[in-house]
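2 protein chains.
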Amino acid sequence: MNSSEFRRRGKEMVDFVADYLEGIEGRQVYPDVEPGYLRPLIPTTAPEEPDTFEDILNDVEKIIMPGAASPACTELETVMMDWLGKMLKLPEAFLAGQVGEGGGVIQGSASEATLVALLAARTKVVRRLQAASPGLTQGAIMEKLVAYSSDQAHSSVERAGLIGGVKIKAIPSDGKFAMRASALQEALERDKAEGLIPFFVVATLGTTSCCSFDNLLEVGPICTKEDVWLHIDAAYAGSSFICPEFRHLLNGVEFADSFNFNPHKWLLVNFDCSAMWVKKRTDLIGAFKLDPLYLKHGHQDSGLITDYRHWQLPLGRRFRSLKMWFVFRMYGVKGLQAYIRKHVRLAHEFEHLVHQDPRFEICAEVTLGLVCFRLKGSNKLNEDLLERINSAKKIHLVPCHLRDKFVLRLAICARTVESAHVRQAWKHIQQLATDVLRAEKD
Amino acid sequence: MNSSEFRRRGKEMVDFVADYLEGIEGRQVYPDVEPGYLRPLIPTTAPEEPDTFEDILNDVEKIIMPGAASPACTELETVMMDWLGKMLKLPEAFLAGQVGEGGGVIQGSASEATLVALLAARTKVVRRLQAASPGLTQGAIMEKLVAYSSDQAHSSVERAGLIGGVKIKAIPSDGKFAMRASALQEALERDKAEGLIPFFVVATLGTTSCCSFDNLLEVGPICTKEDVWLHIDAAYAGSSFICPEFRHLLNGVEFADSFNFNPHKWLLVNFDCSAMWVKKRTDLIGAFKLDPLYLKHGHQDSGLITDYRHWQLPLGRRFRSLKMWFVFRMYGVKGLQAYIRKHVRLAHEFEHLVHQDPRFEICAEVTLGLVCFRLKGSNKLNEDLLERINSAKKIHLVPCHLRDKFVLRLAICARTVESAHVRQAWKHIQQLATDVLRAEKD
Numbered sequence: 001m002n003s004s005e006f007r008r009r010g011k012e013m014v015d016f017v018a019d020y021l022e023g024i025e026g027r028q029v030y031p032d033v034e035p036g037y038l039r040p041l042i043p044t045t046a047p048e049e050p051d052t053f054e055d056i057l058n059d060v061e062k063i064i065m066p067g068a069a070s071p072a073c074t075e076l077e078t079v080m081m082d083w084l085g086k087m088l089k090l091p092e093a094f095l096a097g098q099v100g101e102g103g104g105v106i107q108g109s110a111s112e113a114t115l116v117a118l119l120a121a122r123t124k125v126v127r128r129l130q131a132a133s134p135g136l137t138q139g140a141i142m143e144k145l146v147a148y149s150s151d152q153a154h155s156s157v158e159r160a161g162l163i164g165g166v167k168i169k170a171i172p173s174d175g176k177f178a179m180r181a182s183a184l185q186e187a188l189e190r191d192k193a194e195g196l197i198p199f200f201v202v203a204t205l206g207t208t209s210c211c212s213f214d215n216l217l218e219v220g221p222i223c224t225k226e227d228v229w230l231h232i233d234a235a236y237a238g239s240s241f242i243c244p245e246f247r248h249l250l251n252g253v254e255f256a257d258s259f260n261f262n263p264h265k266w267l268l269v270n271f272d273c274s275a276m277w278v279k280k281r282t283d284l285i286g287a288f289k290l291d292p293l294y295l296k297h298g299h300q301d302s303g304l305i306t307d308y309r310h311w312q313l314p315l316g317r318r319f320r321s322l323k324m325w326f327v328f329r330m331y332g333v334k335g336l337q338a339y340i341r342k343h344v345r346l347a348h349e350f351e352h353l354v355h356q357d358p359r360f361e362i363c364a365e366v367t368l369g370l371v372c373f374r375l376k377g378s379n380k381l382n383e384d385l386l387e388r389i390n391s392a393k394k395i396h397l398v399p400c401h402l403r404d405k406f407v408l409r410l411a412i413c414a415r416t417v418e419s420a421h422v423r424q425a426w427k428h429i430q431q432l433a434t435d436v437l438r439a440e441k442d
Numbered sequence: 001m002n003s004s005e006f007r008r009r010g011k012e013m014v015d016f017v018a019d020y021l022e023g024i025e026g027r028q029v030y031p032d033v034e035p036g037y038l039r040p041l042i043p044t045t046a047p048e049e050p051d052t053f054e055d056i057l058n059d060v061e062k063i064i065m066p067g068a069a070s071p072a073c074t075e076l077e078t079v080m081m082d083w084l085g086k087m088l089k090l091p092e093a094f095l096a097g098q099v100g101e102g103g104g105v106i107q108g109s110a111s112e113a114t115l116v117a118l119l120a121a122r123t124k125v126v127r128r129l130q131a132a133s134p135g136l137t138q139g140a141i142m143e144k145l146v147a148y149s150s151d152q153a154h155s156s157v158e159r160a161g162l163i164g165g166v167k168i169k170a171i172p173s174d175g176k177f178a179m180r181a182s183a184l185q186e187a188l189e190r191d192k193a194e195g196l197i198p199f200f201v202v203a204t205l206g207t208t209s210c211c212s213f214d215n216l217l218e219v220g221p222i223c224t225k226e227d228v229w230l231h232i233d234a235a236y237a238g239s240s241f242i243c244p245e246f247r248h249l250l251n252g253v254e255f256a257d258s259f260n261f262n263p264h265k266w267l268l269v270n271f272d273c274s275a276m277w278v279k280k281r282t283d284l285i286g287a288f289k290l291d292p293l294y295l296k297h298g299h300q301d302s303g304l305i306t307d308y309r310h311w312q313l314p315l316g317r318r319f320r321s322l323k324m325w326f327v328f329r330m331y332g333v334k335g336l337q338a339y340i341r342k343h344v345r346l347a348h349e350f351e352h353l354v355h356q357d358p359r360f361e362i363c364a365e366v367t368l369g370l371v372c373f374r375l376k377g378s379n380k381l382n383e384d385l386l387e388r389i390n391s392a393k394k395i396h397l398v399p400c401h402l403r404d405k406f407v408l409r410l411a412i413c414a415r416t417v418e419s420a421h422v423r424q425a426w427k428h429i430q431q432l433a434t435d436v437l438r439a440e441k442d
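One line per chain: the protein sequences are U and F, in this order.
Here our numbering is used: position 264 in the first sequence is 264, and no number is missing along the way.
Here our numbering is used: position 104 in the second sequence is 104, and no number is missing along the way.
These are calculated hints, taken from the structure and not from any lab test.
Don't take every hint at face value.
Claimed, not checked - Here are the simulated DSSO-like cross-link-like pairs (lysine-lysine), alpha carbons at most 27 Å apart as the crow flies:
1) 11/U <-> 86/F
2) 279/F <-> 394/U
3) 393/U <-> 62/F
Claimed, not checked - Anything over 10 Å on all C-beta distances counts as not near chain F; from chain U, calculated:
4) 17
5) 24
6) 40
7) 65
8) 67
9) 134
10) 225
11) 271
12) 272
13) 330
14) 345
15) 367
To be verified - Each pair of labels, with its calculated beta carbon distance range:
16) 359/U <-> 130/F: 49 to 59 Å
17) 332/F <-> 378/U: 37 to 47 Å
18) 378/U <-> 92/F: 42 to 52 Å
19) 25/U <-> 28/F: 41 to 51 Å
20) 378/U <-> 135/F: 42 to 52 Å
21) 28/F <-> 271/U: 15 to 25 Å
22) 57/F <-> 140/U: 18 to 28 Å
23) 332/F <-> 245/U: 56 to 66 Å
24) 29/F <-> 271/U: 10 to 20 Å
25) 332/F <-> 271/U: 41 to 51 Å
26) 131/U <-> 65/F: 50 to 60 Å
27) 25/U <-> 128/F: 11 to 21 Å
28) 245/U <-> 68/F: 28 to 38 Å
29) 42/U <-> 181/F: 29 to 39 Å
Using N, Cα and C, we set each Cβ at its ideal position, and we do this for glycine too.
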């Protein structure tokens, strides 16, 4: 949607809201629809080609308004998470469908998804061990629980461990910054020998530092064999899996109990929208379910409905699936794929430019939209370069450490980025590199 | 703002966004401002009288845009939480000010605020006990920790205990559904005698069931004496404390370590916006702080800035203080007070109507906007009445249990509610009561 269409459509939406408020007394306070009303009104998959804005807005009036906030808010979310799951070609087990045991939920952030998965895994292992040995207290079990992630995992994994009151151990990653079978198996054996209880592994697809990928096809079977919950955090990279050429990066997801990525990072859905799927929704519900009378409703025990409050940390919820519905339909799957591909192409364009300048080196494989690079030379040199880049305020880079190297990261992530911006950024970086190298010699 | 002004202003905002996006390449990628830039540009308290929309929008351009998303997002939040804290006449210790040790943060829901407080309290007590007895493991301590709330507290308190891995005990409330000193002290003594470690008390101001108030002036000193973290959950009732005539309900807040209420419930700020204050922000930060390189920034250790990511469960944040700023200025404190007062007046009007019909009884003191009532007679009779009310779909009521009684709850909560709506609802209820009583006789 270009700027002039945005002005027109935005103003129509303002009128839509004002009309609604003016006519609100004529509306019923409670919907007439029955649970499950929405799914049959909506296609089972996202459209390949874009829909028109008129079509979408007409559907809001026809499909959403009769279901008001509830149950429309819940039901659209379930269907949108199925749409998105199918776009990623997630195994059937993760979809809700009409009769599935899995399903998706929108969380606020990947941090919350990781925490929710960890808590569900904790509850599951505590119950299993207490069933086997009824005398065991929760405290005695929790003290022995250990969760694992690669040493490249996001800090939110360590944080989830802090909050959940369990140990988190970092598995040394390999030369490509990936968690591999051998290192994980070694840690598990050592900890089991010490009487600890491994219960949770987070595999990262697309690490924050350098967009490396844990080896799911190695790690997955170990988790299955050891009866350990496997959670996949693909916060950034997940969006790319809608493209067939990147879907192989997700191979092994079939071993996971839960999977999460953030459409708000790279799929044009505004913040916040963190998409999480589980294979067995009873595992999540088991960790959180409490049913006071003021939250009871007639369909509670019918098995027909989804109570998302048992899937998450907060009780209240916003209607976040609406923005997914709008984006998926306005772009179509093809439009979203084209968006991802353009960013990856621009990242490779930047990578190519870096390769042509012998003063620089690429520090990690460029798979998606992130390029890790540095001046050959000391960390000090690269810290100085970063300082100059960020002080100039023409572009903004966030660094990382890869092992003992201080590394610069160029992320392609703006909606309107073009090749010209990339070339301009590189020219700017080259100029500042010349300055910093000259200053070093002086 | 009436509907026609909303149409005009809404469309201006659409143009504002489109203009911004069209001109984005001309803007700097990183702001020039220094930490702390915003506070001096904004008054120290909310205005008593409404500001004009033009003034607010001009201030967005003048005050927010130069600070971009960061640090404006953080700094406006700190100042807005100070404004709101002053509106409630919170003790100075809860305010951030320029040099305070306390301060406020916007959480997504009261559930999250309770959980964050419980986790901070847990970390604090674990560290204290480990400092005294270095051999103690976290697991050994957690197994003995006990948190308390009244038997009328919201289910999210029990849920916070589940998530935090600690015991939660319900303190029997008194005849007015309030937690009192004697019952709490008794539970604490009994648990301490059994070797347990009381560490956290949640006092509720305005319970979900019947809007009862725990006795803070009794409970507070006990918590101080026992060195137990006191968290106050005033999710609904908190908004009323901006009126001097209701502020006494908050007396005793000076004993609390943390306090929370939801402006999204009753202060005209859209969902989600849950306002939480702490006396010592280092207590919160201590529970969550992790600092990976990719989240480092130059001002990190300056002591000048607030890193809200250490105050909450998610890492990412939305710019939720903007809506507080708009609402506080568009209504002014007087406008917000008038809004609260109108709702309370309408609740009393409904209470008065109920009193005049001898078939009905009022079941709990009406203090704010909630009226708990029922037909004199069996629970079955009242369940039938509720069923008829909610099936008719003219109004919608959510019930509760008060002890063994099934009770109907009428909540005054819509922005545009008037006396005519209340009288119409009552007439409708009376009619359905007549039907249900006749059906019972047949």
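For each hint, the structure was consulted:
| no. | hint | in the structure |
| --- | --- | --- |
| 1 | 11/U <-> 86/F | violated (37 Å) |
| 2 | 279/F <-> 394/U | violated (40 Å) |
| 3 | 393/U <-> 62/F | holds (20 Å) |
| 4 | 17 | violated (7 Å) |
| 5 | 24 | violated (8 Å) |
| 6 | 40 | holds (23 Å) |
| 7 | 65 | holds (15 Å) |
| 8 | 67 | holds (14 Å) |
| 9 | 134 | holds (16 Å) |
| 10 | 225 | holds (27 Å) |
| 11 | 271 | violated (6 Å) |
| 12 | 272 | violated (6 Å) |
| 13 | 330 | holds (16 Å) |
| 14 | 345 | holds (21 Å) |
| 15 | 367 | holds (18 Å) |
| 16 | 359/U <-> 130/F: 49 to 59 Å | holds (51 Å) |
| 17 | 332/F <-> 378/U: 37 to 47 Å | violated (58 Å) |
| 18 | 378/U <-> 92/F: 42 to 52 Å | holds (50 Å) |
| 19 | 25/U <-> 28/F: 41 to 51 Å | holds (48 Å) |
| 20 | 378/U <-> 135/F: 42 to 52 Å | holds (45 Å) |
| 21 | 28/F <-> 271/U: 15 to 25 Å | holds (22 Å) |
| 22 | 57/F <-> 140/U: 18 to 28 Å | violated (59 Å) |
| 23 | 332/F <-> 245/U: 56 to 66 Å | holds (57 Å) |
| 24 | 29/F <-> 271/U: 10 to 20 Å | holds (18 Å) |
| 25 | 332/F <-> 271/U: 41 to 51 Å | violated (31 Å) |
| 26 | 131/U <-> 65/F: 50 to 60 Å | holds (59 Å) |
| 27 | 25/U <-> 128/F: 11 to 21 Å | violated (57 Å) |
| 28 | 245/U <-> 68/F: 28 to 38 Å | holds (36 Å) |
| 29 | 42/U <-> 181/F: 29 to 39 Å | violated (56 Å) |
Consistency with the previously given hints fails for numbers 1, 2, 4, 5, 11, 12, 17, 22, 25, 27 and 29, ordered from lowest to highest.
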